[in-house]
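**Q** Read off the chains here:
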Amino acid sequence: MSAETPTLSPPETPRRRAGITDRILSIVGSYHIAVVVFLLMILLTLVGTFSQKTIGLYESLRIYFVSWIVPREGWLLGFIPLPGMALVLAVMFVNLLAGGVLRIKKNWRTIGNVIAHLSMLGLIAAGAASLWYKQEGHMRIFEGESSNRVQAFQDWVLEVQEPAGADKTVAVIREAAFRTDSPAETTTFHRKEWPFELRVSGYQRNATITTTGDPAVLTGSDQVDGYTLRPLEPNAQHEANMAGLFLDVLDSTGKSIARTVLAQVIRQGEIVTRSDAPFSFKAGDRTFTVALTRESWEVPFSIHLDDFIATYYPGTRKAKEYESNVTMTNAAGKDTKFRIWMNNPLRDSGYVAYQTSYDDQSPPGQEKYSVLTVVKNPSDQWPFYSLIMATIGLCITFLTKLSRFIRRTVATPAPTSA
Amino acid sequence: MPAFSQCFTGFLLSGAVLLLAACGRQERVEVLQTRAPFKNEPVPKPGLSTAQRYAANDAQAMLRWNTPTGWFFLPATEFRHLNFSFGPNREGEAYLTLLPVAGGGGMLENMNRWRKQMAQPPLAEADLASLPEKSIFGRKVPFLDLTGTFTGGSGPMMAASEPKPDYRMLGAIFEAPGFLFTIKMTGPTALVTKEAANFDAFCQSLGVGGTPGGGI
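Chains A and B are the protein sequences, given in the same order.
Its first residue numbered 407, the first sequence is counted upward by one per residue in this note's numbering.
Its first residue numbered 1218, the second sequence is counted upward by one per residue in this note's numbering.
Honestly, the hints are just simulated from the structure, not real lab data.
Hints are all accurate, no fakes.
Simulated pairs of lysine-lysine, DSS-like, Cα-Cα distance not exceeding 30 Å:
(1) Lys-540(A) <-> Lys-598(A)
(2) Lys-1381(B) <-> Lys-1333(B)
(3) Lys-1256(B) <-> Lys-598(A)
(4) Lys-688(A) <-> Lys-661(A)
(5) Lys-688(A) <-> Lys-1262(B)
(6) Lys-574(A) <-> Lys-1262(B)
(7) Lys-540(A) <-> Lys-1256(B)
(8) Lys-1256(B) <-> Lys-743(A)
(9) Lys-540(A) <-> Lys-574(A)
(10) Lys-1256(B) <-> Lys-688(A)
(11) Lys-1256(B) <-> Lys-740(A)
(12) Lys-512(A) <-> Lys-807(A)
(13) Lys-574(A) <-> Lys-1256(B)
(14) Lys-459(A) <-> Lys-724(A)
To give an idea of the interface, some chain A residues facing chain B are shown, with a C-beta separation under 8 Å as derived from the structure:
(15) Arg-555
(16) Lys-574
(17) Ile-579
(18) Arg-580
(19) Thr-594
(20) Phe-595
(21) Arg-597
(22) Thr-616
(23) Arg-680
(24) Ser-686
(25) Ala-697
(26) Trp-703
Anything over 10 Å on all C-beta distances counts as not near chain B; from chain A, calculated:
(27) Gln-458
(28) Val-520
(29) Ala-522
(30) His-544
(31) Glu-549
(32) Gln-610
(33) Phe-707
(34) Met-795
(35) Thr-797
(36) Ser-809
(37) Val-816
Computed from a predicted model, the values in this text were never measured in an experiment.
Glycine included, C-beta positions come from ideal geometry on N, C-alpha and C.
Let the hints inform the model, and build the full structure from the sequences given.
**A** Dropping the structure here:
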């Protein structure tokens, strides 16, 4: 009997030890994180959507969808902190980049998946760009007049300036900086150019000015010169809310040298606050003014409303359709005629102007002004491009799998009978 | 993926959420955002008082006054341009009205309307000279002091009210260029008597622009 010849097997290829980058990418790009992220997205979408019914779209967006951490008022069951959608999407971006693009084996079988994953990264990036850089407001133009100024829909700002100073720059403090959950909380603002500080207190999300004797106001409420804030029920439509607050001007020792109450004056449902007469005070020999107003900005073109046309349903004041015929003058002084109507906006210089409203109080045929919504969003078309990319990636994936299936089917011989 | 890595990653993420959640809002903020003035933006007008900024009518925009201690400064109405109430149940009323001379009726007509509200006979033109006077806006103006049953309109809408016995009315009416000023106080006799000094102080504090008690 001969000894069996031992079978030699090829030597094992030593496994390459994973470097630190690979280990980090494997953790960051893991399916476990992806699952957690998707579950959090579902949770936030559910909670945020249900909350919209009571608190309105703006507050729902602010609390759940554009925050990094959900503020205390939005915690689950009142005591469970939640990450905001901005944080969740940031984690998803890193997870998808690591796991779906960098770590994935790249060959003709996976190229469709890679493209689809890149499209999802593009969607998330579009959201981030919109969050940080989008500007949106309305422009009200009377027939025969021009405008290049846009006013924000939502938030209020404090604007501080020195009318007689050499520097005409207007300092702007956004509502997000002085908004508080309780009127008892204060926020102090400072700027190196100022010989004073400003302290905001008594913030109300929706309020108007009234006198201290108004029966709707509690006796003993904070007041200035007989005027105080009358809190109003916060409106679910945030653009209807009017911020109110008390303002102290502090000297270098922290002592209050001037005080006022700021809010809008409403008469017969209209805001009639004088825009030319803000609060003013002296700091040393310098005079400053502070106004509570909607944020405004200028666009690099002006729009002249040549004609506004509205068509009404017969016998009603409900507009069937309406349009603005305008002349746009760009920064170079060139005039262009446009017709702006529903789903047919004006686009120029990165801005888009939509027809959204008009003077519906005047009799038909005598409408005085048109309202355009003006949006500047650098990522305006990114979702569109991302969806095209996703379509291409998924088509490639489908066709790749289909061709493999067909080849496998053709290569497998048909069984024959014995 | 090793179990340790999963746990560690989960711990890091949870810790980050809790840490960020614990961060409160900023109480002290440096203002960095600015904008340039707009083209044709009007220059703000400094120097206006709170009342001038929030004036509900010409009287509030034009006048200066001191609200007496214990009086409630009410929102203005169509005919009560400076509007106050006083008393434990806010039953006392005091208000100033600024009427255009053209549509406001003359001094005598308004005086007799007030006298009728207090069930008093009307005055003749010649009787005005014998009325007592008070100094308001730096000038001597005829003054009414009536007691009786008050049947005039009251409340912000000047609705006709039930007769109110034992009431007292203090009032002054005078003409200024283009305007007729009426200053009136009504309430239970005891309450008005108690607040009469405050009514005088209020009248004395009236002024135009930056000069309390100054002439017009």
